[in-house]
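Participant: Work out the full structure: start from the sequences and follow the hints.
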Amino acid sequence: MTADVSPPSSHASALGDRIAGAVLVLLAVAAWWHARTFVTGFRQAVGPDVFPRLVCVPLGLLALYLLIRPGINARWPGRAALLRQAGLLVLLGGYATFLEPWGFLPATLVGSVLLMRLFDAAWRQALASGASLTVILYLLFEFALGIPLPDIPGLGV
Amino acid sequence: MDILGFLLHGFAVALEPQNLFLALIGCAVGTLIGALPGLGPVNGVALLIPLAFNFGLSPTAALILLVSVYYGTMYGGRISSIVLNIPGDEPAMMTTLDGYPMALKGRGGEALGLSAVASFVGATVATIGLTLFAPLLVGFAIRFGPAEYFALFMLAFATIGGVTSGSFTKSLLAACLGLLLGTVGLDPASGVSRYTFGWYELYDGIDFIAALVGLFAISECLLFLEDRHQTTGASRELGSAIPGMRRAGACKATIARGSLIGFIAGVLPGAGASLGSFLSYTLEKRWLGRQGDFGNGDPRGVAAPEAGNNAAAGGALIPMLSLGIPGSGTTAILLALLLSMNITPGPLLFDQQPDMVWGLVAALFIGNVMLLVLNVPLVGLFARVLRAPSWLLMPVVILVAFVGVYSLNNSPFDLYVMLAFGVLGYGLRKLHMPAVPVVLGLLLGGEMEFNLRRALAISGGDWSILVGSGISVGIYAFAATLMVAGLVYAWWVRRTPDAG
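Here the protein sequences come in this chain order: A and B. According to our numbering, the first sequence holds residues 9 to 165 in order. According to our numbering, the second sequence holds residues 368 to 867 in order.
By construction, these hints were calculated from the structure, which means they are not laboratory data. Among the clues, some could well be false.
Stated by the list, open to error - Covered stretches of chain A, going by a simulated chain B footprint (3 or more residues, C-beta under 8 Å):
hint, region
1, 73-82
2, 93-106
Said to hold, decoys possible - So, partial list: chain A residues that the calculated Cβ filter (under 7 Å) puts toward chain B:
hint, residue
3, G24
4, A39
5, W41
6, V63
7, P85
8, S120
9, L123
10, S140
11, L145
12, Y146
Just so we're clear, the structure is a prediction, and the values are computed from it rather than from any experiment. Even glycine gets a Cβ: it sits at the ideal position worked out from N, Cα and C.
Facilitator: Here you go:
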């Protein structure tokens, strides 16, 4: 995995670890607290709340340790990279949202062309490759695998 | 039937035309995935799982396809290490040290040929080991009760990742997070909904496969968007692979040592292929001392890690199949596939589904030969695919993942889960927290809780049953030993300068 081979010079402050530790401590406490709602009508040797609580104990303690004694973190990306990453998430979230209302073909065409643009393709390359990829995926799933993909409303394809 | 009889029967299963064809496809696709930088074995297999489901394959056929992909990625990882100086996957990291210098000297073809033979021997040794040792382990594990299984899960969590990743705390933390996420959904024993917050889509729990693809493939794309490295490799002539294959005879002692070390590293829970190739390379370097020219294109520096990582990949299948406890990230994902198909690996699997287990083992033997043969004509082709532009490669990967995950349940909800896990996976990588324990927790949590509850139901709520037998005490002792060994190993890595 690429993160593991990054050179040691890129290790920045351990702020990330402290934040993660704090978030996980909160998660452990909240999960412990929420487990009180897991009630059954009948008596069991181990109820549904026991195991999650058992997990919360080491989770909370280890997270506390991380908060107090953070280790090494990778360098966090700059503003431009963060924007691209946010772009990817918005794009994919949008794709998931519009896949069913629009149908597979239009949603995938738009999605793939924009994705390729995000990865620095020229417009012409993105349009040509996006269109071919959409058609190939459609043929693969709809016909070769026999899995119905969402149709375009009113058109039946 | 004895092992030989079972194995012959396995070959009958593996040689069925459909299975043979799937093994061939798996080997070719696996080599390609392994060769592509960034798309390592875990990501590759995770990506293909939704597709394998959609093909409507039987569990045996799907498993044959995916283990062929798995073995293929181990073969493929070395191609980009040697040609581009970028490891195709983590275990192939050590191969860059001598493989790339060889390519710079115009001996790239030779390095590829030699490493193919080393990979073949390593993988074959491991598959023979699997054939011999898995039934032994099964014979032992058949006596396990719920308390012993609970101990075994503790062993898996105490050791996974602790050896390969730097921080032990972070591995354990990741495992706890995975276990907690694994409790989401309806509790199977009582029907109480846990942490679902009214979302009925979560009643069945978090979909493993959406989570896996998100954790590995989507986070990889997020990571890619930030560093966008340009790949510039040795564009020299590669030369033929055949002389390198002949050359393997001269390195046979190296290959034998690498295979053995790799196999042992693979069987140990929580170690896996990266440890196999790392140990094989460093030990070989120590063993030969000044006789070698390591780091400047010594052929033995290519043979040792390749034999080691392929042997470890095979060895890691032993605990996965016979105990249901995966020994590495990729085997964890193979386990996810089996569990999703309602098949629980473990000692009973060998009894109840001998066709599947032995067909799989036979398919591994056949796949190995296929990989060696495929290698000669295809290496040049794969080396060319490596230069495919990333604006094409990454969107294809993402969309295949998306459509694959969507079509599992026809549910956009799974896509949101996948994206959320993508963000989680990215955060974990940035924090140097391994993602594999999260997957393991998510996968094994249900089974772990089930065994805990059964053990306590048997004892009437007396918790001392958990350490009530010699076997479970032995397992806890073994876990403690491995943890100490992990700490010693981490110390040794720190004082060995070429740790990568």
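Participant: Please go over all the hints and tell whether each is borne out by the structure.
Facilitator: Structure-based check of all given hints:
| no. | hint | verdict |
| --- | --- | --- |
| 1 | 73-82 | holds (count 6) |
| 2 | 93-106 | holds (count 8) |
| 3 | G24 | 5 Å, holds |
| 4 | A39 | 6 Å, holds |
| 5 | W41 | 12 Å, violated |
| 6 | V63 | 5 Å, holds |
| 7 | P85 | 4 Å, holds |
| 8 | S120 | 6 Å, holds |
| 9 | L123 | 4 Å, holds |
| 10 | S140 | 10 Å, violated |
| 11 | L145 | 6 Å, holds |
| 12 | Y146 | 9 Å, violated |
Of the numbered hints given earlier, the model fails hints 5, 10, 12; all others are met.
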